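S.K.: Sequences are here, hints too, so could you generate the full structure?
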Amino acid sequence: MSNVLSLTTFLPILGVLLLLFLPKDSKGVLRNVTLAVTVVTFLVSLLILTGFQTNAEFQFVENVPWIAAGPFIMRYNIGIDGISLWLVILTTFIMPIAVLSTFTAVEEKVKEYMICLLLLETGMLGAFISLDLFLFYIFWEVMLIPMYFMIGIWGGKNKIYAAVKFFIYTMVGSLLMLVALVFLYFKGMQAGMQDFSLLNFFALKLDLGTQIWLFLAFAFAFAIKVPMFPLHTWLPDAHTEAPTAGSVILAAVLLKMGTYGYVRFAIPLFPEAAHQFAPLIATLAVIGILYAALVAMVQEDVKKLVAYSSVAHLGFVMLGVFAFNVEGISGGMLQMINHGISTGALFLIVGFIYERRHTRLITDFGGLSKQMPIFATIFMIVTFSSVGLPGTNGFVGEFLILLGAFESQLRWWTIIATSGVILSAVYMLWVFQRVMFGELDNPKNQKLLDLNAREIAIMVPLLVMIFFMGLYPKPFIDKMDPAIKKLVAQVRVASVNAQVIPAAAVQMQMPAAGQPTGMPQMPEGHPGGAMPAGHTAVEAAPAPHAAPAVNPHGAK
Amino acid sequence: MDMILVPVVNMTPILPEIFLSVLAMALLLINVFSPGGNKSYLAYFSFFGIVAAAVLVGAGWGGHIESFGGSVVLDNFATFFKITFLVAAGLTVLISDKYMEREECNHGELYPLILFSVVGMMLMASGTDLMTIFLGLEVMSVALYVLAGFNRANKKSNEAGLKYFLLGAFSTGFMLYGMALIYGATGTTRLYKIAVIVGQMTLPSANIMLVAGMLLMMTGFAFKIAAAPFHMWTPDVYEGAPTPMTAFMSAGPKAAGFAALLRLFLVALPTLQVEWSQVLWVLAVLTMTVGNITALRQDNIKRVLAYSSIAHAGYALVGFAAGNGTGTAGILFYMLSYAFMNIGAFAIIILVAKKGETNGNVSDFAGFGFKRPLLAVVMTIFLFSLAGMPPTAGFIGKFYLFSGAIQKGYIWLAIIGVLNSAASVYYYLRITVYMYMKEPTEDFDWVQVTPSIALALVIAVAGSLIPGIVPSYILQYAQMAVKLM
Numbered sequence: 001m002s003n004v005l006s007l008t009t010f011l012p013i014l015g016v017l018l019l020l021f022l023p024k025d026s027k028g029v030l031r032n033v034t035l036a037v038t039v040v041t042f043l044v045s046l047l048i049l050t051g052f053q054t055n056a057e058f059q060f061v062e063n064v065p066w067i068a069a070g071p072f073i074m075r076y077n078i079g080i081d082g083i084s085l086w087l088v089i090l091t092t093f094i095m096p097i098a099v100l101s102t103f104t105a106v107e108e109k110v111k112e113y114m115i116c117l118l119l120l121e122t123g124m125l126g127a128f129i130s131l132d133l134f135l136f137y138i139f140w141e142v143m144l145i146p147m148y149f150m151i152g153i154w155g156g157k158n159k160i161y162a163a164v165k166f167f168i169y170t171m172v173g174s175l176l177m178l179v180a181l182v183f184l185y186f187k188g189m190q191a192g193m194q195d196f197s198l199l200n201f202f203a204l205k206l207d208l209g210t211q212i213w214l215f216l217a218f219a220f221a222f223a224i225k226v227p228m229f230p231l232h233t234w235l236p237d238a239h240t241e242a243p244t245a246g247s248v249i250l251a252a253v254l255l256k257m258g259t260y261g262y263v264r265f266a267i268p269l270f271p272e273a274a275h276q277f278a279p280l281i282a283t284l285a286v287i288g289i290l291y292a293a294l295v296a297m298v299q300e301d302v303k304k305l306v307a308y309s310s311v312a313h314l315g316f317v318m319l320g321v322f323a324f325n326v327e328g329i330s331g332g333m334l335q336m337i338n339h340g341i342s343t344g345a346l347f348l349i350v351g352f353i354y355e356r357r358h359t360r361l362i363t364d365f366g367g368l369s370k371q372m373p374i375f376a377t378i379f380m381i382v383t384f385s386s387v388g389l390p391g392t393n394g395f396v397g398e399f400l401i402l403l404g405a406f407e408s409q410l411r412w413w414t415i416i417a418t419s420g421v422i423l424s425a426v427y428m429l430w431v432f433q434r435v436m437f438g439e440l441d442n443p444k445n446q447k448l449l450d451l452n453a454r455e456i457a458i459m460v461p462l463l464v465m466i467f468f469m470g471l472y473p474k475p476f477i478d479k480m481d482p483a484i485k486k487l488v489a490q491v492r493v494a495s496v497n498a499q500v501i502p503a504a505a506v507q508m509q510m511p512a513a514g515q516p517t518g519m520p521q522m523p524e525g526h527p528g529g530a531m532p533a534g535h536t537a538v539e540a541a542p543a544p545h546a547a548p549a550v551n552p553h554g555a556k
Numbered sequence: 001m002d003m004i005l006v007p008v009v010n011m012t013p014i015l016p017e018i019f020l021s022v023l024a025m026a027l028l029l030i031n032v033f034s035p036g037g038n039k040s041y042l043a044y045f046s047f048f049g050i051v052a053a054a055v056l057v058g059a060g061w062g063g064h065i066e067s068f069g070g071s072v073v074l075d076n077f078a079t080f081f082k083i084t085f086l087v088a089a090g091l092t093v094l095i096s097d098k099y100m101e102r103e104e105c106n107h108g109e110l111y112p113l114i115l116f117s118v119v120g121m122m123l124m125a126s127g128t129d130l131m132t133i134f135l136g137l138e139v140m141s142v143a144l145y146v147l148a149g150f151n152r153a154n155k156k157s158n159e160a161g162l163k164y165f166l167l168g169a170f171s172t173g174f175m176l177y178g179m180a181l182i183y184g185a186t187g188t189t190r191l192y193k194i195a196v197i198v199g200q201m202t203l204p205s206a207n208i209m210l211v212a213g214m215l216l217m218m219t220g221f222a223f224k225i226a227a228a229p230f231h232m233w234t235p236d237v238y239e240g241a242p243t244p245m246t247a248f249m250s251a252g253p254k255a256a257g258f259a260a261l262l263r264l265f266l267v268a269l270p271t272l273q274v275e276w277s278q279v280l281w282v283l284a285v286l287t288m289t290v291g292n293i294t295a296l297r298q299d300n301i302k303r304v305l306a307y308s309s310i311a312h313a314g315y316a317l318v319g320f321a322a323g324n325g326t327g328t329a330g331i332l333f334y335m336l337s338y339a340f341m342n343i344g345a346f347a348i349i350i351l352v353a354k355k356g357e358t359n360g361n362v363s364d365f366a367g368f369g370f371k372r373p374l375l376a377v378v379m380t381i382f383l384f385s386l387a388g389m390p391p392t393a394g395f396i397g398k399f400y401l402f403s404g405a406i407q408k409g410y411i412w413l414a415i416i417g418v419l420n421s422a423a424s425v426y427y428y429l430r431i432t433v434y435m436y437m438k439e440p441t442e443d444f445d446w447v448q449v450t451p452s453i454a455l456a457l458v459i460a461v462a463g464s465l466i467p468g469i470v471p472s473y474i475l476q477y478a479q480m481a482v483k484l485m
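Same order as they appear, the protein sequences are chains A and B. So the first sequence is residues 1 to 556, counted in this note's numbering. So the second sequence is residues 1 to 485, counted in this note's numbering.
Think of the hints as simulated: they come from the structure by calculation, not from any bench. Just so you know, these numbers come straight off a predicted model, no measurement behind them. Treat the hints with care, as some may be off.
Simulated restraints on C-beta separations [said to hold, decoys possible]: (1) A68/A x G58/B: 33 to 43 Å; (2) E442/B x E108/A: 41 to 51 Å; (3) T202/B x Q190/A: 27 to 37 Å; (4) D443/B x T359/A: 27 to 37 Å; (5) T450/B x T359/A: 19 to 29 Å; (6) V64/A x W446/B: 40 to 50 Å; (7) E355/A x D443/B: 47 to 57 Å.
We treat Cβ as the ideally placed atom computed from N, Cα and C, and that holds for glycine.
M.R.: Given below as structure tokens:
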């Protein structure tokens with residue numbers, strides 16, 4: 001089982017080979033085979049989860065030579081730690097759902113579509129598990145191609161503009177990162193390193209000037225992918241034009257590449273520069289949160305609204321990550337997964353009504369809850385999750401982010417960002433109200449059918465995750481905790497002039513937030529795990545946590 | 001003990017050239033004495049001849065034989081480039097047959113001319129004397145002038161031939177003048193001797209005759225490799241020439257130009273590296289930028305690839321400006337990969353076009369992706385390789401070229417290079433947009449893949465993909481080639 005990671009990553013490629021031999025007219029077979037491949041991939045990836053040891057080390061490592069020529073040595077060097085573990089699982093978890101959502105949505109060119117989906121899965125998984133910078137870059141770029149075709153071929157009426165914009169935006173950023181990567185390699189070579197191994201580069205001491213340039217190049221590439229204000233403009237286009245499965249994958253996994261890039265590469269590789277730029281990035285993140293929320297509020301197209309809400313959510317993730325403390329980064333990582341689940345679910349919901357009515361304009365709807373009660377319930381739960389209502393997954397992530405950022409040098413940014421939480425409640429609840437409540441006066445809406453069994457089956461796993469992560473996030477946080485602690489230590493040791501809150505202060509605060517009962521295996525002074533565990537005792541009770549941070553949800 | 005008489009002239013280094021010349025002459029005779037009609041068998045003869053020549057060339061790997069008094073050398077550098085030329089010629093021969101028949105200019109002289117121009121290229125790569133290089137260049141060029149104007153009935157082809165000839169002759173003048181000045185400054189035409197004499201000069205960069213000679217030669221070669229601002233002939237000639245010849249011209253002579261230029265500058269003028277490196281820096285930036293920006297606005301697909309071919313010369317010049325092992329090996333790798341991907345793309349263009357080169361616009365590919373899925377996937381592979389997307393040979397090639405510049409400290413050159421590369425993505429994507437994202441206006445039922453084109457496509461796809469996934473071997477060969485020069 002030593003190469004289970006490779007197996008997970010390349011199973012979809014095997015699926016592609018299988019699809020190539022199937023006739024293109026037997027759509028049912030193509031769909032079911034693809035679904036089977038993604039489900040098997042998910043099941044195999046569960047082996048990673050069960051075999052994962054809760055420590056800070058990279059596990060399931062495979063390291064074999066790949067390219068060796070001239071000054072460069074590239075290796076097929078893969079492995080995961082607590083940071084990438086959940087993103088890998090999220091990817092394999094979302095894929096069957098995305099595939100299932102296309103069963104009726106995509107009627108034309110089914111074979112090509114399924115091939116794109118599977119290629120995309122391999123690309124995404126590969127990027128999350130790469131420990132060789134060059135290998136990471138290859139997967140990072142390869143991902144672009146299937147997504148480009150998915151938007152361009154099966155997209156809406158502006159699909160070509162959106163697809164090309166998506167491709168070129170990402171390409172510009174990543175090519176500059178490539179230059180930085182090569183530059184970094186030569187710096188490493190001067191220090192005696194011999195390959196692109198990420199772990200070696202962590203040990204490389206660079207002077208601040210070099211760090212700043214390299215950080216800028218990396219940060220630019222990742223900022224486009226996140227996307228951060230003001231580089232976000234490709235996202236609403238891509239989301240609006242992409243087919244449902246494309247939007248789901250884009251939101252759930254692809255955007256995480258950007259934030260993951262910061263956590264895995266940009267920050268630990270150039271810690272001092274990261275500290276220098278933290279205020280700037282936090283400012284952009286906060287602007288992104290507020291700006292995207294305001295723009296989302298006035299959208300007429302539900303899908304565009306969800307797309308802008310993505311920008312806001314990822315602003316929170318960035319804020320948490322740049323707090324450089326355990327709470328902030330844990331919250332950021334958790335929020336990445338939450339956002340994947342809740343925004344993925346939102347795009348599926350938009351897809352459901354679009355398939356029925358072929359419109360996404362808010363004004364075309366109203367009063368749907370009478371006609372589609374199941375749909376209304378699911379939509380409501382997902383809305384709550386997206387808003388961050390306690391008891392749902394969104395709360396845990398946002399709370400940790402705000403807590404972490406508040407305790408860090410980014411206190412003032414946090415205070416402003418908190419208003420974004422309120423804004424998100426405003427636009428999400430408002431759109432929910434306009435679509436689901438009111439008079440069912442549009443005659444076209446009066447014959448709408450409620451969700452069918454397949455559609456409910458798509459949503460159930462997501463709903464389960466929403467509540468599971470909202471009520472009992474401990475297993476998630478526990479697995480990632482050692483890796484995050486290591487990262488924080490890495491960043492802290494390297495930083496000279498950063499104002500990081502001493503660990504002791506954090507630990508002193510945490511017990512006040514409600515000591516868990518019946519969790520003896522939890523280490524003492526474990527701030528990440530201790531906090532949310534309180535949820536298990538008091539279901540959906542935000543009370544213990546209301547004290548340290550502003551809790552906008554109480555206001556609703 | 002008897003003296004062993006060593007022959008003055010060792011023919012071994014030019015054995016493949018002799019073989020190909022004899023084959024070309026034999027084919028000319030066969031063509032004359034065989035009645036008109038189908039000339040396909042000549043294509044197959046040439047193809048197998050080229051394969052045999054490639055085997056002969058490959059057998060010389062690892063050796064270092066000088067001959068003809070040091071004016072020709074057989075080394076790894078020459079061998080690597082000769083393989084590149086033979087790949088280009090072999091693929092061209094395979095894609096020519098169908099096209100020539102369709103355009104009704106299926107004259108048997110085509111194949112011997114291709115072979116002669118390859119002989120010229122091979123001499124350029126082997127030449128270690130200004131005279132040999134010049135002779136090779138002329139043998140190559142004269143054959144190419146004829147090939148560009150080969151479709152006599154077509155006005156544009158005539159224009160292409162004449163334009164290529166006039167501008168080519170003009171550039172040859174520059175080159176010859178440059179060579180004369182270098183001879184004047186150093187008193188020799190042997191590259192190794194030039195290096196010694198220049199090395200003994202106290203301040204070679206102040207020797208006006210030497211520097212002027214270097215610059216004039218660079219100008220002449222810049223014409224041949226289509227570097228800006230000496231690129232003006234390229235789009236018209238590429239558009240007018242018969243498509244297989246365009247494919248050939250974009251890959252073969254460009255590689256030959258780089259071969260001669262590399263040997264000239266790295267062997268004869270390494271003492272002036274600071275100077276020529278700066279000039280090449282500027283040339284590279286100009287060439288990439290002009291090529292890419294003008295390509296953005298083209299509608300004719302041959303012109304798109306013509307301008308993009310200018311840009312590709314610019315990428316290779318980035319590696320040349322770096323002048324280190326990484327960059328120069330990158331050029332060798334890139335020229336070989338470029339032969340595969342570019343000729344492959346032209347093969348698809350030949351298939352999609354109708355008689356008289358109608359259907360030559362990017363928009364004529366509308367809906368091709370779903371009418372002929374396999375061919376469209378193949379075209380997409382070539383386009384992504386040209387755009388430098390992993391995992392293709394084009395990416396690895398560019399990676400090494402730009403890395404060479406970064407290693408040398410030319411960070412800005414690398415940044416300008418990658419930004420250019422990003423811009424180029426736009427016009428390559430545009431073709432995929434038409435293939436996959438526009439509704440078909442035609443059913444492409446005239447697109448017929450002959451066995452020879454199928455073979456060419458298989459080779460080209462393999463050559464564009466495999467070195468992208470497992471590039472080590474070819475890169476190592478390329479590095480051995482530049483190391484032992």
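S.K.: Take the hints in turn and mark each one as holding or not.
M.R.: Okay, the hints, checked on the actual structure:
{"no.": "1", "hint": "A68/A x G58/B: 33 to 43 Å", "in the structure": "violated, 22 Å"}
{"no.": "2", "hint": "E442/B x E108/A: 41 to 51 Å", "in the structure": "violated, 19 Å"}
{"no.": "3", "hint": "T202/B x Q190/A: 27 to 37 Å", "in the structure": "holds, 34 Å"}
{"no.": "4", "hint": "D443/B x T359/A: 27 to 37 Å", "in the structure": "holds, 33 Å"}
{"no.": "5", "hint": "T450/B x T359/A: 19 to 29 Å", "in the structure": "violated, 50 Å"}
{"no.": "6", "hint": "V64/A x W446/B: 40 to 50 Å", "in the structure": "holds, 48 Å"}
{"no.": "7", "hint": "E355/A x D443/B: 47 to 57 Å", "in the structure": "violated, 31 Å"}
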